[in-house]
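S.K.: Here is what each chain is made of, one letter per residue.
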Amino acid sequence: MAITEKNKHNTDNEKGLVFHIIHGSFVDGYGIRTTVFLKGCPLRCAWCCNPEGQASYPELKYTIKDCNNCGRCIDVCPKNAIKVNPLLEKVQIDRKLCDNCGACIGVCYTGSLQYFGTYYTVDELFDIIKKDEQYYRSSGGGVTIGGGEPTFQPDFTYAFMKKCQENYIHVAVDTCGYATTEEQFRILAEANLLLYDLKSLDPNAHTKNTGVSNEIILSNLKMLNGMGKSIIIRIPVIPRLTVTNENMEIIAAFLSRLKSLERVDLLAYHTYGTIKYEQLGRKYKLSTQANIQELTEKTKRIFERYGLNVQLGG
Amino acid sequence: MVNVKTKENRISRLREKMLHIPDICIQRAYWWTKSYMETEGEPEVIRRAKALAKILENLPIYIDDDELIVGRSTGKERGGMLFPEIQWEYILKEIELFSSRDWDRCGSISDEEKKMVEDTLPYWKGKCTWDRFNASMPPEIRRIHGGVFFLGTSSMSGVHYGHETIDYSRLLKKGLSGIKKEAQEKLESLDLTKPEDFKKYQFLQAVIITLDAAAAFAKRYADLASHLAAQAINMHRKKELDAIASICRRVPLNPAGSFHEALQSIWFTHIVIRNEGWGPGLGFGRLDQYLYPFYQKDLSDGIITRDTARELASLFLIKVNDLAFISSTVNIETLAGFPTMVSITLGGVTPGGKDAVNELSYLLLEADEQVALNVEEITIRVNSSNSDAFLMKALEVLKKLRGKFKFVSDNTIISLLLNEGRPVEHARDYVLVGCFTPAVPSYSLDVTGGMVNAPMILELALNNGVSRITGEQVGPATGDPGKFKSYDDVWNAFKRQVEFFVPRMVTARNIDTQLYAEFALCPFMSAFFKPCISNGKDLIAGGTAPNIRECFGFSGVPNVGDSLAAVKKVVFDDKLIDMAGLVKALDDNFKEKDRLLQALSKAPKFGNDIDYIDTIVNDIIALFEAELGKYKGLFGSKPAVAISTGTGHLLMGTQVGATPEGRKAGEPFAEGGISPHQGRNTSGPTATLRSVSKLDHLKIRGGSVLNMKFNPDVFADEKKKVKFLSMLRTYCESGGYHVQFNIISGETLRDAQKHPENYKDLLVRVATYSAYFVELSPRMQEDIIARTEFQEV
Ligand code: SF4
Ligand code: SF4
Numbered sequence: 098m099a100i101t102e103k104n105k106h107n108t109d110n111e112k113g114l115v116f117h118i119i120h121g122s123f124v125d126g127y128g129i130r131t132t133v134f135l136k137g138c139p140l141r142c143a144w145c146c147n148p149e150g151q152a153s154y155p156e157l158k159y160t161i162k163d164c165n166n167c168g169r170c171i172d173v174c175p176k177n178a179i180k181v182n183p184l185l186e187k188v189q190i191d192r193k194l195c196d197n198c199g200a201c202i203g204v205c206y207t208g209s210l211q212y213f214g215t216y217y218t219v220d221e222l223f224d225i226i227k228k229d230e231q232y233y234r235s236s237g238g239g240v241t242i243g244g245g246e247p248t249f250q251p252d253f254t255y256a257f258m259k260k261c262q263e264n265y266i267h268v269a270v271d272t273c274g275y276a277t278t279e280e281q282f283r284i285l286a287e288a289n290l291l292l293y294d295l296k297s298l299d300p301n302a303h304t305k306n307t308g309v310s311n312e313i314i315l316s317n318l319k320m321l322n323g324m325g326k327s328i329i330i331r332i333p334v335i336p337r338l339t340v341t342n343e344n345m346e347i348i349a350a351f352l353s354r355l356k357s358l359e360r361v362d363l364l365a366y367h368t369y370g371t372i373k374y375e376q377l378g379r380k381y382k383l384s385t386q387a388n389i390q391e392l393t394e395k396t397k398r399i400f401e402r403y404g405l406n407v408q409l410g411g
Numbered sequence: 002m003v004n005v006k007t008k009e010n011r012i013s014r015l016r017e018k019m020l021h022i023p024d025i026c027i028q029r030a031y032w033w034t035k036s037y038m039e040t041e042g043e044p045e046v047i048r049r050a051k052a053l054a055k056i057l058e059n060l061p062i063y064i065d066d067d068e069l070i071v072g073r074s075t076g077k078e079r080g081g082m083l084f085p086e087i088q089w090e091y092i093l094k095e096i097e098l099f100s101s102r103d104w105d106r107c108g109s110i111s112d113e114e115k116k117m118v119e120d121t122l123p124y125w126k127g128k129c130t131w132d133r134f135n136a137s138m139p140p141e142i143r144r145i146h147g148g149v150f151f152l153g154t155s156s157m158s159g160v161h162y163g164h165e166t167i168d169y170s171r172l173l174k175k176g177l178s179g180i181k182k183e184a185q186e187k188l189e190s191l192d193l194t195k196p197e198d199f200k201k202y203q204f205l206q207a208v209i210i211t212l213d214a215a216a217a218f219a220k221r222y223a224d225l226a227s228h229l230a231a232q233a234i235n236m237h238r239k240k241e242l243d244a245i246a247s248i249c250r251r252v253p254l255n256p257a258g259s260f261h262e263a264l265q266s267i268w269f270t271h272i273v274i275r276n277e278g279w280g281p282g283l284g285f286g287r288l289d290q291y292l293y294p295f296y297q298k299d300l301s302d303g304i305i306t307r308d309t310a311r312e313l314a315s316l317f318l319i320k321v322n323d324l325a326f327i328s329s330t331v332n333i334e335t336l337a338g339f340p341t342m343v344s345i346t347l348g349g350v351t352p353g354g355k356d357a358v359n360e361l362s363y364l365l366l367e368a369d370e371q372v373a374l375n376v377e378e379i380t381i382r383v384n385s386s387n388s389d390a391f392l393m394k395a396l397e398v399l400k401k402l403r404g405k406f407k408f409v410s411d412n413t414i415i416s417l418l419l420n421e422g423r424p425v426e427h428a429r430d431y432v433l434v435g436c437f438t439p440a441v442p443s444y445s446l447d448v449t450g451g452m453v454n455a456p457m458i459l460e461l462a463l464n465n466g467v468s469r470i471t472g473e474q475v476g477p478a479t480g481d482p483g484k485f486k487s488y489d490d491v492w493n494a495f496k497r498q499v500e501f502f503v504p505r506m507v508t509a510r511n512i513d514t515q516l517y518a519e520f521a522l523c524p525f526m527s528a529f530f531k532p533c534i535s536n537g538k539d540l541i542a543g544g545t546a547p548n549i550r551e552c553f554g555f556s557g558v559p560n561v562g563d564s565l566a567a568v569k570k571v572v573f574d575d576k577l578i579d580m581a582g583l584v585k586a587l588d589d590n591f592k593e594k595d596r597l598l599q600a601l602s603k604a605p606k607f608g609n610d611i612d613y614i615d616t617i618v619n620d621i622i623a624l625f626e627a628e629l630g631k632y633k634g635l636f637g638s639k640p641a642v643a644i645s646t647g648t649g650h651l652l653m654g655t656q657v658g659a660t661p662e663g664r665k666a667g668e669p670f671a672e673g674g675i676s677p678h679q680g681r682n683t684s685g686p687t688a689t690l691r692s693v694s695k696l697d698h699l700k701i702r703g704g705s706v707l708n709m710k711f712n713p714d715v716f717a718d719e720k721k722k723v724k725f726l727s728m729l730r731t732y733c734e735s736g737g738y739h740v741q742f743n744i745i746s747g748e749t750l751r752d753a754q755k756h757p758e759n760y761k762d763l764l765v766r767v768a769t770y771s772a773y774f775v776e777l778s779p780r781m782q783e784d785i786i787a788r789t790e791f792q793e794v
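Line order of the protein sequences matches chains D and R.
When we follow this note's numbering, the leftmost residue of the first sequence carries the number 98, and every step to the right adds one.
When we follow this note's numbering, the leftmost residue of the second sequence carries the number 2, and every step to the right adds one.
Incorrect hints may have been included.
[Claimed, not checked] Cross-link-like lysine to any residue pairs, in silico, SDA-like; alpha carbons within 25 Å at most: (1) R:LYS603 x D:TYR212; (2) R:LYS603 x R:LYS665; (3) D:LYS162 x R:ASN590; (4) R:LYS570 x D:GLY237; (5) R:LYS570 x D:THR207; (6) R:LYS720 x D:SER357; (7) D:LYS112 x R:ASP575; (8) D:LYS228 x R:THR330; (9) D:LYS397 x R:LYS720; (10) R:LYS695 x D:ASP224; (11) R:LYS720 x D:ALA302.
These are calculated hints, taken from the structure and not from any lab test.
Just chain D, same shape as in the assembly (with noise of 0.2 Å):
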C-alpha cells in the first residue's frame, strides 16, 4: 500500500517530502540540532502527534480562523469539494472530495488554504541544514531526521544522510524501525545516532495501537544493538496502550538486557497535535483522563531500578 500511496504522487524520486524544519532545537539528540521532518509514515499511531507526518504526498492545509470568507476557492475547485459554511461564515472542505491538487491554495490570499509538505533535492536540503553548521561544531550537535517516519523514503533519506556525514555533520534518525527492505535497513545501520520509537512490546497491541505488528521492529532493533549502534529507545507514554503498571517491568527487563543502548526517553502523552488534525480536516480521536505525569514518573522509576538512563522528554 505504502509503495502505491508514494509512487502516485512523488513523481520526481529526486526528491524528499519534507513538512518541517526547525533551525536550532535542543531536543531531538544531543547538542543544538536541526530538525528536518519527512513526510510518510507506514505506522498510524492512535496517539499520532504529528498527523501531517503520516501520507507520503502533499495535504491541503485549512486553517479555518484565518479564512475570510471571500469564495475564491469555491470556484477554482475541480472537484467541488469546497462549500461555505453559512453558520461559521468560513468556507468547509469534503475531504472525501479533495485530491490534495492545490488548485485552490494558489488563489486564497489570506494564507488559510496552504500545503502540508514541499519538496526538496539532496543538495536543496544539506544547503539548508549546512548554515547551522558552526551551531553543531560547538555543542556536539547535528542533523536530526524525524518525520514522519525517515525510512519511508528510502533513497533520499539515504543520499540526504550520507551527504551530511561526507561533510562530518553528524546524523541522527528518529525511527520507527519498521524497516522491511534493506534501502530500509541501511539508513538505520549507518545512522550515527538512532532515536528508536518504542510503543508495545505486545504483538497484538502494537498491530492494534499502530497498524502494524512489532516483529519487524524487535528484530530490527535487535540486529542494531548486537551492531553496537548508539540508540536512545524514546517510549510515548500513553495511558493503557503503552505504559500500563502491568508492563513497566516486562519493558524495563527487556531494554536492559540492550547493550548499546545510550538512554531511554520518556516522551509524556499531550494533545497539542490537535490543530494539526483540525487544519487536515481529522479528528483526534483519543483522550484519556489519566494522571500522566504520575504515571511518567512512576515509569522512570521502575526503570531507572533496572539500572537504565532515563529521561523526561526528548
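Starting from the known structure of chain D, arrange chain R with the ligands on it as the hints suggest.
M.R.: Positioned in the frame of chain D, the structure of chain R with the ligands alone reads:
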C-alpha cells in the same frame, strides 16, 4: 518595639523604596540657574564649574536608616533631575502634567517647588542649547526634524550625552586630591602668553573648582553621619554611622583603602557627574575589574567576607536606581519607561588579553539576582577564554530574572575597535555605554546622534520624495517610481534619498555638538579622562579627540530590507505586478489587494537565514556607513551607524504609509533595532542568530540591538542550559554583536492570548513535536500558562 534589622530586610526595604514612581526634583534646575544668574560674564567653563559647586553645596542630603552606602543624586528618594540649560520651556509647560500624563508618570510637586521653577527657569530663554539650536538651524535642515531624523540631537532630548565612562580605577588609585595635583601641575606648566594655553588655564581652573566641590559634598555627608551617630539610640546603628562618617571623610578625596570605601568613592563621584551633566546610559564600566584588588585585599585581611561584600554590592546596585530619566512628553514616546540605564560590564578579557572573569564577576551577578531593579544594566562580555562556569552562572540568573542581561561578543567588538584604529589594550578594555555602544573608559566619547526613520527614506524613494502620510515633499524628487524598470532603479532612488538626508543629519548633529562644546562643558567628568588633563581640554569640547563617535541610530532597518526584498521578488523576479501597480497599492494601503499583500508578505523575510534578504539588509548598512563616512563631525570625529530604535518603532511607524514588505500604513516597525520584525522569524533560533551574525558588524560601529524571546523551557534542565550556552557562544564567536533574551513568562503568554498577531513565533515544544503557541486552543494555552508559572515558582 525594637526594629530588628537583618541584612536581608535591609536590602529588601531599600529595594522596595526604588519601586515607587519617581518624583521630579527641581533642586538641580534651581541652583544651577541661580548660579548662572550670579556668574554672568565669566568664562563658560568656570560658570559650569561654579554652578555644579552651588548645587553640591545646597542639594538636600539624607541618610536612610538602612544605608551603608550613602548619598543621593537628587533631593528625592528616586528623583528626576532637570537640565534647564539644555531645555527649559517644556519643564515650565509640562511640570503639572508630569503626574498625570499617560505614561512615565511622576509624583506631583509642591506649590513651593513650582514657584522656584517659575521664578528661575525663564532665565534660560534664548540661552539653553535647544533654543540656541533652533536659532542657528537652517530652515531646510529643520524640516527633516521629527520626520526622517527623529530626536535628532541631544538638545532635543533635553539631557547631556551620557555615553561615556570615566576612569574609575584612576579615581580609586589617586583620589580627588591626586587628580587635583595633576591638574595643578599642568596648570603651572602653562605659558599664558600663548592664547591656546589660556583656554587650557580656564579649563583646569574649572576642574579644580569642581574637584574641591565634590570633596566638600562628601564632607557634608560625613558631618551628617556623625551628627546622626551622636543621636543614635541603637548602638549597632551608631557604629555603622560612625564608620560611614569616617569613610566619607576619606573618600573620594583620598585613594580608596577598602572595598567599602571604593564603592562609596565611585558612588559619590557618580552623583557629582550626574549633577554636572547626565544623560541616559552613563555607567560604571568594568566594576568587576577595578574593584577586584580592593575585594581581594579586604578578604585576605579579614575585613570583609564574601557575604558582607555581596551585601555592599547589592546596596550599591540599589543605590544607582535613585535617578529616573525625566523627559518631555514628546521624547518619552521614543524612550518610554524612564530608561536611566546605568551600564555595568562584566567578563571579557583584561587589557593584556587574559580571561578577566574573577570572583567579583560572580558576586555581582549574585548581587543583581537579589536586586533585580530596572536601572542597573548588566552586560556580559562573551570571550572564548571566559569559563563555562561563569556564563552558566549568568544564564542561571538570567533565567530567574526572565532575561535581564545583555550579552556581547568580545571577538566582534574588539575587532570593531581595532578597525577604528584604537590600540589593542584599549580595545580589550571596552565597556558598553548607553544601550549598546562600545566605548573605551577614559578615552571614548560617544555623541548620541538621534534616530533615523529608515523606512521613511524608503517611502520617499517609492513616492518621488513625498510623504504618504502628510503629502509633503520631504525628500528630493528621485523619479516617478511607477516607471522604475529594475531593482537597481529602486535601489538607486533609495540611495539618492539617503545621499540627500545624511549630510543634513550630519549638519544638524554638528550644530548640536558645537553648542554642547560651548555650553554643556563637563570639567569634573573630564578630569577622569586621561587625555583631557594633558590636553587641557574639556571632554565635551573634544578633549579626547579623535576618540569621538557620533552615532546615528537607524530604526526599521529590517523593514527596509524586507520591503526591498519583497519588491525584488514580487515585482522583478516573479513579475506578479509592475511598479506602477505596486505604488498604487501602497497609495491605497493595499485596499482590495489581498493577493498582492499575501505575495509581498510571503517574500523572504529577515531573520530566517535566507541570503536573498539578509544580503539586502547588509547592503543597506553598507550604504549608510559609506554615506556617513563621507563626512566628518566636529573635532574630526567619524560619524557611525547604530541600529536601534528604543521604543520609537511604534511612533515612527505611525509616520509612514504602507510599505512593500506587506505592512499597512501606521503599523509599527521592527523592535530593538536589528531584531527581525515581530513574528517574521519563524525558522528557529539559530536561523535568526545567523541572519544577524552574518551582517558586517564592523560597519555598525555604534552597535546594534537583537532581542530574542525564549520559553523558560529552554532552561528546563542542565543539559538544555548547556545547549543554550553553546548557542550563545557560537553566535558571539561567529560574527554576532549583541543579543538579549526574553525568557517568556506566564504574563507575556497572557498578552499573547490577547494579541496573537505579535507572537506568531513563540514555540512550545515537547520532544520532536513543536507547535506555535498562538495556534493552540485556549484550553491548551491555559495548560501551558499554568506549566510555565509552575516552573517559575
Ligand atoms: S486541493 Fe482539494 S479542495 Fe483544493 S482545489 Fe484541489 S480538490 Fe479542491
Ligand atoms: S480562498 Fe481562502 S480565504 Fe477565501 S474562502 Fe477560500 S479558504 Fe477562505
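S.K.: For each hint, tell me whether it holds in the structure or not.
M.R.: Hints, verified against the model:
1. R:LYS603 x D:TYR212: holds, 14 Å
2. R:LYS603 x R:LYS665: Holds, because 15 Å separates the two Cα atoms, which is no more than 25 Å.
3. D:LYS162 x R:ASN590: holds, 23 Å
4. R:LYS570 x D:GLY237: violated, 37 Å
5. R:LYS570 x D:THR207: Holds, at roughly 19 Å.
6. R:LYS720 x D:SER357: Answer holds: R:LYS720 to D:SER357 is near 21 Å, not above 25 Å.
7. D:LYS112 x R:ASP575: Given pair D:LYS112, R:ASP575 holds - Cα atoms ~23 Å apart, limit 25 Å.
8. D:LYS228 x R:THR330: violated, 45 Å
9. D:LYS397 x R:LYS720: holds, 18 Å
10. R:LYS695 x D:ASP224: holds, 16 Å
11. R:LYS720 x D:ALA302: Judged against 25 Å, a Cα distance of about 34 Å means the pair is violated.
Hints 4, 8, 11 from the earlier list are contradicted by this structure; the remaining hints agree with it.
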